[in-house]
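> Here are the chains, one letter per residue:
Protein chains: 2
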Amino acid sequence: MNKLLIVGTVAFDAIETPFGKTDKILGGAGTYIGLSASFFNLQSAIVSVVGDDFPQEYLDLLTARNIDISGLVKGGKTFFWSGKYHNDLNSRDTLATELNTLSDFNPVVPQNFTNADVVMLGNLHPLVQSSVLDQMTEKPKLVVLDTMNFWMDCALPELLDVMKRIDVITINDEEARQLSGEYSLVKAAAKIHTMGPKYVVIKKGEHGALLFHNKEVFFAPALPLEEVFDPTGAGDTFAGGFAGYIAQSENVSFENMKNAIIYGSNLASFCVEKFGTERMESLKKEEVVNRLKQFRALTQFDIALQ
Amino acid sequence: MNKLLIVGTVAFDAIETPFGKTDKILGGAGTYIGLSASFFNLQSAIVSVVGDDFPQEYLDLLTARNIDISGLVKGGKTFFWSGKYHNDLNSRDTLATELNTLSDFNPVVPQNFTNADVVMLGNLHPLVQSSVLDQMTEKPKLVVLDTMNFWMDCALPELLDVMKRIDVITINDEEARQLSGEYSLVKAAAKIHTMGPKYVVIKKGEHGALLFHNKEVFFAPALPLEEVFDPTGAGDTFAGGFAGYIAQSENVSFENMKNAIIYGSNLASFCVEKFGTERMESLKKEEVVNRLKQFRALTQFDIALQ
Chain D
25 MNKLLIVGTV AFDAIETPFG KTDKILGGAG TYIGLSASFF NLQSAIVSVV
75 GDDFPQEYLD LLTARNIDIS GLVKGGKTFF WSGKYHNDLN SRDTLATELN
125 TLSDFNPVVP QNFTNADVVM LGNLHPLVQS SVLDQMTEKP KLVVLDTMNF
175 WMDCALPELL DVMKRIDVIT INDEEARQLS GEYSLVKAAA KIHTMGPKYV
225 VIKKGEHGAL LFHNKEVFFA PALPLEEVFD PTGAGDTFAG GFAGYIAQSE
275 NVSFENMKNA IIYGSNLASF CVEKFGTERM ESLKKEEVVN RLKQFRALTQ
325 FDIALQ
Chain C
25 MNKLLIVGTV AFDAIETPFG KTDKILGGAG TYIGLSASFF NLQSAIVSVV
75 GDDFPQEYLD LLTARNIDIS GLVKGGKTFF WSGKYHNDLN SRDTLATELN
125 TLSDFNPVVP QNFTNADVVM LGNLHPLVQS SVLDQMTEKP KLVVLDTMNF
175 WMDCALPELL DVMKRIDVIT INDEEARQLS GEYSLVKAAA KIHTMGPKYV
225 VIKKGEHGAL LFHNKEVFFA PALPLEEVFD PTGAGDTFAG GFAGYIAQSE
275 NVSFENMKNA IIYGSNLASF CVEKFGTERM ESLKKEEVVN RLKQFRALTQ
325 FDIALQ
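Residue numbers (this note's numbering), protein chains in the order written: chain D, 25 to 330; chain C, 25 to 330.
Since the hints were derived computationally from the structure, they do not count as laboratory data.
Do not take every clue at face value.
Remember, identical chains collapse to one label, so a pair may be satisfied in a single copy or spanning two.
Mimicking DSSO-like on lysine-lysine, the simulated pairs with C-alpha atoms at most 30 Å apart in a straight line are [to be verified]:
#1 LYS165 <-> LYS211
#2 LYS298 <-> LYS215
#3 LYS108 <-> LYS165
#4 LYS317 <-> LYS215
#5 LYS108 <-> LYS222
Using the sequences plus the hints, can you model the full thing?
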């Protein structure tokens with residue numbers, strides 16, 4: 025079975041949307057990536073850090089999904105994020121960010137994952153992402169990196185360094201524009217290519233995602249939903265679906281990446297249906313496969329070229 | 025050959041984008057719809073009004089495309105619109121709207137088009153749109169209506185009346201939300217269905233277009249472009265491609281409408297490459313067919329359902 029190594033936060037979130045409000049619940053990029061990737065046949069491990077205040081039941085939830093958490097260290101207080109979404113759910117205010125134990129996190133890759141086939145570097149300080157790559161004893165078949173504007177603002181040289189070592193970057197549209205200085209996403213992707221990643225995935229939220237590779241481009245729509253309940257974790261769930269599909273299929277071609285971003289969109293479309301990780305916890309594999317048919321119906325057409 | 029009847033403005037536009045500025049140039053919904061539909065094998069006619077100041081060369085341009093303009097009356101001063109696009113090209117300020125001869129426009133459908141197969145009601149006062157339908161001697165196979173927020177604000181009862189008589193409405197996302205009172209586009213489309221049209225096309229500009237029919241939904245992406253030069257007329261070009269494709273193929277099934285909105289997106293992707301109608305005037309049919317291959321590559325995938 026192929027191995028997927030995930031690095032990313034495992035944390036507490038408190039979320040407010042127009043539909044309700046949560047106390048501290050399970051969150052973090054690593055959590056969402058791990059849950060999403062658990063729908064594929066693979067061995068996965070999360071490298072992360074939590075505080076002594078982190079409940080055992082959350083850890084049990086990850087291990088029940090066959091996620092190796094031997095690389096998840098404990099100490100201090102758990103990273104906490106709190107946010108409030110605006111009415112359209114497309115924008116949000118961050119109410120609190122308490123780094124806590126994350127502020128001096130030194131990732132340690134479990135020995136049996138230093139030869140992982142696919143590495144998914146969730147949104148974290150670029151030096152942490154680099155440190156994980158330093159520990160790999162074999163070159164992974166694919167390294168995927170997710171990042172955000174925060175690191176472009178305060179750790180750009182380190183981000184540019186780690187970008188030279190990866191294959192795929194996932195980034196949202198505004199961040200792609202910031203990183204490249206180009207408004208057109210086609211031009212932005214071309215510029216980001218020159219910074220290292222051969223594949224550039226631009227996430228547009230409810231407007232889907234674009235996959236760029238040289239002159240080629242593929243688009244995965246977001247599934248039109250009656251109601252989006254809570255967008256938290258959708259981007260990480262997308263990335264986890266992408267990396268998980270690639271790891272399972274052991275095929276890093278552009279053609280296969282098309283399927284991978286459709287799978288990512290598919291899993292993300294479930295994530296937003298309930299608060300936090302709730303929907304991903306109850307989700308069944310059959311539901312995922314059934315929704316793939318909806319993605320087909322949504323996008324597949326048959327025009328005769330005249 | 026099938027007949028397409030178009031009603032819509034034939035007008036002067038003055039456009040400013042971050043890339044430049046035009047004097048009064050050829051514009052109007054009817055013009056863009058007509059040019060777009062001229063890429064299909066059909067007989068088309070535009071019902072409209074222009075002023076005595078309207079240059080013969082613009083009329084010649086339409087007739088050179090085999091567009092019947094016997095329903096285009098002349099008198100007074102031509103309708104004039106002027107707008108300035110913001111830097112992102114997604115929003116614009118209207119600088120001037122001079123209705124002129126449009127203010128008392130009574131459409132007269134040419135006799136040999138009162139039995140048109142497809143009727144495309146471009147964005148105009150709903151009473152003008154209704155009047156065109158009143159003149160049809162045979163029930164068209166398909167009636168498509170485009171409208172905008174302006175009519176929702178100042179002629180809503182008349183708009184709701186004409187909506188009961190049509191098959192397809194094309195409307196942008198914000199307008200769909202305004203008309204339905206629903207934020208979710210899935211819910212908005214469902215509500216608009218109940219107002220009359222069996223098919224609801226929601227245009228999302230650079231984010232593509234959604235086609236809704238009962239519980240079914242299809243999505244046509246916009247082609248990611250290096251540069252959008254001028255978005256003026258893109259929505260009308262989209263509608264003209266949609267109506268033109270349906271009229272040519274004489275097939276009003278949902279499956280065929282998928283192809284029609286792909287064709288609409290395809291033609292619109294050319295329209296925005298130059299100022300005003302410039303690109304649509306130089307466009308060749310081979311270019312359209314070639315770009316269809318790009319739409320295929322952009323959206324078609326092949327996942328085995330496991």
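> Against each hint, give a clear statement of whether it holds in the structure.
Structure-based check of all given hints:
1. LYS165 <-> LYS211: Answer is within: at 27 Å inside a copy they meet the 30 Å cutoff, but 43 Å across does not.
2. LYS298 <-> LYS215: between (36 Å within a copy, 24 Å between copies)
3. LYS108 <-> LYS165: neither (38 Å within a copy, 49 Å between copies)
4. LYS317 <-> LYS215: between (35 Å within a copy, 25 Å between copies)
5. LYS108 <-> LYS222: For LYS108 and LYS222, neither the intra-copy (35 Å) nor the inter-copy (38 Å) Cα distance is at most 30 Å.
In the structure shown, a violation is registered for the earlier hints numbered 3 and 5, in ascending order.
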